[in-house]
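Peer 1: Just need the whole structure built from these sequences, with the hints factored in.
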Amino acid sequence: MFAYIMRRLLMLIPVLIGMTLITFSIVHLIPGNPAQVILGETANQTAIDDLEESMGLNEPYIVQYGIYVSDLVQGDLGTSLRSKSEISSEIWPYIAATFELTIFAMIFAIIIGVNAGIISAWKQNSWFDFLAMLFALVGVSMPIFWLALMEQWIFAQELGWLPAYGRQDSRDPIAPITHFYVLDALIHLDFPRALTVLKHLILPSIALGTIPMAIIARMTRSSMLEVMKSDYIRTVRAKGSGQFLIIYKHALKNAIIPVLTVIGLQTGVLLGGAILTETIFSWPGIGRYVYEAINYRDYPVIQSGILVIAFIFVIINLIVDILYTRIDPRIKY
Amino acid sequence: MKLKFSFLLTFMLALILVLAACSGDGGANSEADDGENESEAEETDTGSDGGTDDEAEAEASGEQVLVFARGGDSESLDPSSTTDGESSRVTKQVLEGLLEFDKESFDLLPGLAHDWEVSDDGLNYTFYLEEGVTFHDGTPFNAEAVKTNFERWADPEHEFAFTDDGYVYSMYGTMFGGFKGDENHVIKEINVVNDHEIVFVLKQPLGYFLQNMGMSYFGINSPAAFEEYGAKINENPVGTGPFKFVSWSKDDSIVLEKFEDYRKDGLPKLDRVVFEVIPDNAARLIALRSGEIDIMDGLNPDDAAGVESEDGLVLHTRAENNFGYVGFNTQKEPLDNKQLRQAINYAIDKQAIADALYAGYAVPAKNPLPPSYMGYNDEVEGYEYNLDKAKELLAEAGYEDGLEIELWTMPVARPYMPDPETVSQIVQNNLAEIGIEVTIVREEWAPYLEKTMQGEQQMYMLGWSGTNGDPDYFLSSLLHGNNVGSSNRSFYENDEVDELLDKAKLSVDQDERAQYYQEAQALISEDSPMATLVHSRPVMATTDAVKNYVPHPSTSESLAEVEIEN
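If you read the protein sequences in the order shown, they are chains A and B. Its first residue numbered 1, the first sequence is counted upward by one per residue in the UniProt record's numbering. Its first residue numbered 1, the second sequence is counted upward by one per residue in the UniProt record's numbering.
One should not assume that every hint holds.
Stated by the list, open to error - For the chain A half of the interface with chain B, some residues (derived, Cβ under 10 Å), not all of them: (1) I30; (2) Q36; (3) L51; (4) Y232; (5) G285.
To be verified - Some residues of chain A that are not near chain B, with every Cβ distance over 12 Å (derived): (6) L10; (7) Y61; (8) D76; (9) R171; (10) L265.
Hints listed in this document are in silico derivations from the structure and should not be mistaken for laboratory results. No residue lacks a Cβ here, since even glycine has one placed at the ideal position from N, Cα and C.
Peer 2: Laid out in structure tokens, this is it:
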């Protein structure tokens, strides 16, 4: 097991270096130079040249790439062209924001998705099954920005129950420690603020969690249906176990493996691809960070941001693989 | 497994119910809430009654907090090292310059300098500085501090220039003719007479030198802060302004708080100001309606009428300080033909564009200069939509059978051009009427700017926004022959115009300057190097509890006098 994890981690290195090469090439293939974008239409040529020079963009690509990789190996993610700050110090709040949102979105997606899938399989072809799967179909094909705007309109503007944007009440902010605001508020033992932060999480979590929820529900249902037909379930049933126990104890354990794969993949997708939700709910996450960087042609941020996202994605998949062995001892590496 | 799942499910449902229940009660209950629930009550008072309950809460806790929401984050809090308007919008509250602009115009008022004198030859500018002013860090403000700031911008070798960290002061370069050592750099030396008197000695007169001093880009930072923060000065502004910088979480919010020792008595009125980033226009309006924010920048013109008639909201417009245009590459076939350019200019229906795109919050433009500016020539006739004249001129130009032409369309929206795609379609249809077939060319923003600078285009779209309120920034940048290959993308070269612009730049007699600019506009209009479209008036909205908020045409206004009223 340990050897396996080490092997997987070592394999990460060539994968990540390959990633840097790809992002570096793509980024430099986008037409237009950052100095021009940063200075905008009112800039004259001298100003653009000066800025280009100072940002080190006059070096040949291969030299720029060499500098980038050698810095990276030393743990230096580079310096943002736009903010002039170290990316490694700047990126953490964005990662924390995205993680917090993703965790809550996935909690929502897993709890609702898995249970809806199980009940649908259990009561196959019932009205519940029919409704749940219709709902899942709608959920999968839902345009996120539309769902998000509808949520804001109904719950923030019309009903006034929940806040429309941001991570916390901007009139009464938390002093960040970990930048996971729920955690920060709890560390301060500040329960009213923790509640405020939780309320800010509800709408974006639902918006972000809807698609994974629908995918998880469908996957759970089909996986459960398959397992329910297997011999050992018949044996358990013959033993006289109750239906509830059969499903949640015996069937779910085997059915959950493919669901876990989907959960792992979806978590990875949410971490990197939450741009729409992050934009509409003004959530300062990693997706927005990279998106703004693309607008500014902030090369180091694009490269390092994508690298960090890729890294997280790989790690999550590794965790999922390890979880398999915990759930199903027959799986060995 | 079973237990865990059902427990979690129940827990989640319970949590959702509890949260919904806490927030369900309207303003009435939260009024009775004790202090501890302050934040939560404030959060939840988001009924259809706009922000009034919110402010009641804020008042109850004795704090006046204003939340200003905009579409994008600041790039830097060192305004001189960026050209970004979102940066100076914030630093305007923290840093002050030697002079200030009037609330609604670019007229000059005293700033950190209470008086100033200009020598007759226009080469010596003496500023008398306010006494007893301190920076937020306690450092006394004096002439030496002013000198340090200006030398930092002018001299890339200066110890606080931070050149190695990527600092470039491009706005300084544009406004003062370059940097130390450059031929056209106008500031020869800066002499400190005593703590409260400073003299700027120029190499040659600069007609808009004083206007530059009012720009929020040239706010004075504490010299001690340069020592302390070094190249991190862009995240730690320390000025003399009404608000102190507190914190900045990127792409999220910037928090400022009242500076108790502000030099103007009784100001600022607010205790704290929070600049929030809400990228989506629709979401921002919802947040305003639900009372989570107090001021929103960047309202869609189409929403303006709705906001105006809505209870609890107030519509604001900025005075026009820009114009959008369709430019002609005057040095390239076929648009090197003046009559053709005039014909096209007559054929474009500016009023239709103003109505279709700005919902009436724009006026057709006849000069490449906002009407409120000094030296605006109202006698220029311009090119009012007239198909007969257009056809006549087209025939004179030798194109009675029509022609094909390329129009480059801006890929991004700007305040002066909120919907470039629609504008290009209107222009395309307009020109089809006189037999000109327009092909629309699309480029990404950065290559668009680069290639139009190099003159690859025939017709193109762009606009210009003012910063120091001086005509030179519009007319010279866009139409002076020296700027061909740079910001003069129309490749317009007219010696007479150049001479007038040069004379106006070198004169310090403002009446004389106005005269030169008027003459230049008449010549430019005749040559028609661009079809000026509209001056837009950007709209924004506040809750009705926000008092004394006056949007400035430069987009950076002081919030010192703003109050929140119940």
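Peer 1: If a hint holds in the structure, say so; if it does not, say that too.
Peer 2: Okay, the hints, checked on the actual structure:
Satisfaction of the interface hint for I30 (chain A) is found here, the shortest Cβ-Cβ separation to chain B being roughly 7 Å, below the 10 Å cut-off. For the restraint placing Q36 (chain A) at the interface with chain B, the shortest Cβ-Cβ distance is roughly 5 Å, inside the 10 Å limit, so the hint holds. With 10 Å as the threshold, the beta carbon of L51 (chain A) comes within range of chain B, its nearest partner Cβ sitting at about 5 Å, so the hint holds. Contact between Y232 (chain A) and chain B, as hinted, is not supported at the beta carbon level, the nearest pair being about 16 Å apart and thus beyond 10 Å.
The criterion of a C-beta within 10 Å of any C-beta in chain B is met by G285 (chain A), whose closest approach is roughly 9 Å, and the hint holds. Under the 12 Å C-beta cut-off, the non-interface status given to L10 (chain A) relative to chain B holds; the minimum distance is some 34 Å. Distance to chain B confirms Y61 (chain A) as a non-interface residue, since its nearest Cβ pair spans about 17 Å, more than 12 Å. Separation of D76 (chain A) from chain B is adequate, the least Cβ-Cβ distance of about 15 Å exceeding the 12 Å criterion.
The claim that R171 (chain A) lies off the interface is violated: its Cβ sits roughly 5 Å from the closest Cβ of chain B, which falls inside the 12 Å cut-off. Taking the minimum C-beta to C-beta distance to chain B, about 21 Å, the non-interface status of L265 (chain A) holds against the 12 Å cut.
In this structure, the earlier hints numbered 4, 9 are contradicted, and the remaining ones agree with it.
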